[in-house]
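A.B. asks: Fit chain H to the known structure of chain Z by using the hints.
Chain by chain, the residues:
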Amino acid sequence: MTSNSLWQIALYVIVLVALAKPLGLYMAKIYEDEPVGLNRLLAPLETLIYRLSGVNPQQEMRWTDYAIALLIFNLLGALAVFGLQSVQASLPFNPQNLPNVSPDSAFNTAASFATNTNWQGYGGEVTMSYLTQMLGLTVQNFVSAAAGMATLIALIRGFTRRKADIIGNFWVDMTRSTLYILMPLSLVLALVLVGQGVVQTFSPYQNVPLLESVSYEQAKLGADGVALQDAGGKPVMETVEVKEQVVAVGPAASQVAIKQLGTNGGGFFNVNSAHPLENPTPLSNFLEMLSILLIPAALCYTFGMMVGDTRQGWAILAAMTLILVALIFVTVPAEQSGNPAFTALSVDQVASEGQSGGNMEGKETRFGITNSALWAVATTAASNGSVNAMHDSFTPIGGLIPMWLMQLGEVVFGGVGSGLYGMIMFAIVAVFVSGLMIGRTPEYLGKKIEAYEMKMAAVTILIPPLMVLGGTALAVMVDVGKSSVFNPGAHGFSEVLYALSSAGNNNGSAFGGLSANTPFYNSLLGAAMLFSRYWLAVPVLAIAGSLAAKKIVPVGPGTLPTHTPLFVALLIGTVLMVGALTFVPALALGPVVEHLQMLGVGPAK
Amino acid sequence: MVKHLKPAVMLFVILTVLTGVVYPALVTGLAQLLFPGQANGSLIVAENGKTSGSGLIGQPFSSPGHFWGRPSATGPFPYNAGASSGSNLGPTNPALVDAVKARVEALKAADPDNKLPVPVDLITASGSGLDPHISPAAAAYQIPRIAKARKIAPAKLSDLVQAHTEGRQWGLFGEPRVNVLSLNLALDAMR
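Protein sequence lines, in the order shown, are assigned to chains Z and H. Number 136 in this note's numbering belongs to position 136 of the first sequence; there are no gaps in the numbering. Just so we're on the same page, this note's numbering is the position in the second sequence counted from 1, plus 1000.
With the rest of the complex left out, here is chain Z (with noise of 0.2 angstroms):
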């Protein structure tokens, strides 16, 4: 590794961690109604917001109320954008006269925008009128995300909460992550990143000349639009010389700005920030990457400030991000490598000053190796999902690194507010194994853990890699499954098993070699996003409301602290067991089985 790309990395960590408290503090503000100016400034808007929903803000939710609440409002999003795609070709904004989407590609879209996973079984300049990224994703990438946040939010009430059967209002919990969080930083990133060259407009795509014509040869058609054939049966082809380029643009920034913040990750165009007009510069790069772990971070520091002991949120943030920093030093030297086939074609991969070198394949040359692998592991630490490479020409252990990330639950950052109320899963676990070990009764943030609570954190562990093993067994045990592969050998059983860890961990990015835009992979993943969002977001809401009726045990001598470098060990040592002992096997079949061929013997015969 270059000396540039260790400053890269290092002012990477820093501006996030350094950013971590001050926004984290302005967010438990928010949560907690303390003014802080915005919402001073805006708390007319709050109010009329409440009064026209008929919302008394007063009024708490017990946690099943709170669980149905969100179903609800997902159900009517979800439902918004199956709609608007399905007829879009009536509807204004559409100046490319894009047609309507498929019932089964318009199902899998809202069920991935809903749940805040974004996978995206389709390519944006070519399937979605402006109307639809407007009045259907952007309004869902802003309130999936507050809905995880307001989750989290209720977790948080049950632990600082004693003896009550109310943990929050689902509606003001909403409101306020969407008003006060979301919008002021999306409407701040969305215009530095027009300035960089982001494209926003609602102009139809621009024709530009080319300087030098291009031509290639297409079957020709007959008047009926059928292909022709010559007397051989041949298709006759005919030459098309191409003059002039047909710029896509729309739109971007202000999705762009919260796929981003809201770790969603769908991307305006089908090539997501690898796009020039999503993700112009080195600059642009930084700025939305940071937005990616941005949120995820701060909300540790919230939490600490939430339950009225910041060490704890600290502590969260340490295990987080020394797990992301370890993996980032396995993930930037397997890319800077490079492809062992092509040294005997004499090609140059070694890093100077005038080139980046290693695996360029899928990227970007303004981005280099350093900013790719960095992005890829930050999209896949957080379940933002989004990608400025090309996954698919990773090398093995490059796009191992990902897919292991998705795996671990999304826990490591993961989604605003989903990834730290998973990763408190995993704090549960982890206090009852230490709990076991010196015979005590556990206990997190003075509340005995008790059987309910395992059983709900144990659901909520296991359900994302049921949905991973067995929808990859599925996928790759049929017909429909295996037809969609692109790459031969192993790295085409790494395609499905990268899918299914995406949709089955809500992150929702890919492998994109696979054709996932059937019938059978829109269902497929369309059911592993719901399951793993819902049935993850009701148990700990569960958790919440048993958490809440409990007292506050005050600590004693045989309480373990949960702030120490020790519990922080324990704590990382817990997410990677369970991920390493789930997914080991799987793993060793896919890129671990293809990093030793290529090693080997080169290229898979």
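By construction, these hints were calculated from the structure, which means they are not laboratory data. Treat the hints with caution; some may be incorrect.
[Stated by the list, open to error] In silico EDC-like links for lysine to aspartate or glutamate, alpha-carbon gap of 20 angstroms or less:
#1 H:1006 with Z:46
#2 H:1006 with Z:65
#3 H:1003 with Z:479
#4 Z:243 with H:1111
C.D. replies: Showing chain H alone in chain Z's frame:
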């Protein structure tokens, strides 16, 4: 259940208007006011009003007298800016090795005297298929071919590449790079 329906529907409608109408409209308005060039695709417009491409979107080049960009995997023709795409070829896919071999051979055929190894970005497809840049090494590699085709001194071309090389942003971020379209436009203007 039913008591939650009204707040759910109303809040959904209100948040849809705020985040799906007001927010993108506000960003568009401010963007068009503050950064009109960037917001509309960073088009390169000459003084006579003629557009010659976008400064952020690459174009296909294959004539010996122009600098060539990264290989592009978009269909049905390279650098189709209406349908971005990478190749998605895996590192051990024989098709990738074959493609790279063919690209190396094409570069060697266009300049048989150049025995240097080819910089990797010049023979691997970019992530977007629209990458406007190549590395400075990839530009330097092509100078002898262009010098011969255009009968220009290589030193003059080196200066031109140098002038079109962007360093790391703020001296730190990203990688050094050369915008191929603006380099070729400047090259054509030299005549």
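A.B. asks: Starting from the hint list further up, note which numbers the structure goes against and sort them upward.
C.D. replies: Going through the list in order, the structure violates hints 3, 4 and respects the others.
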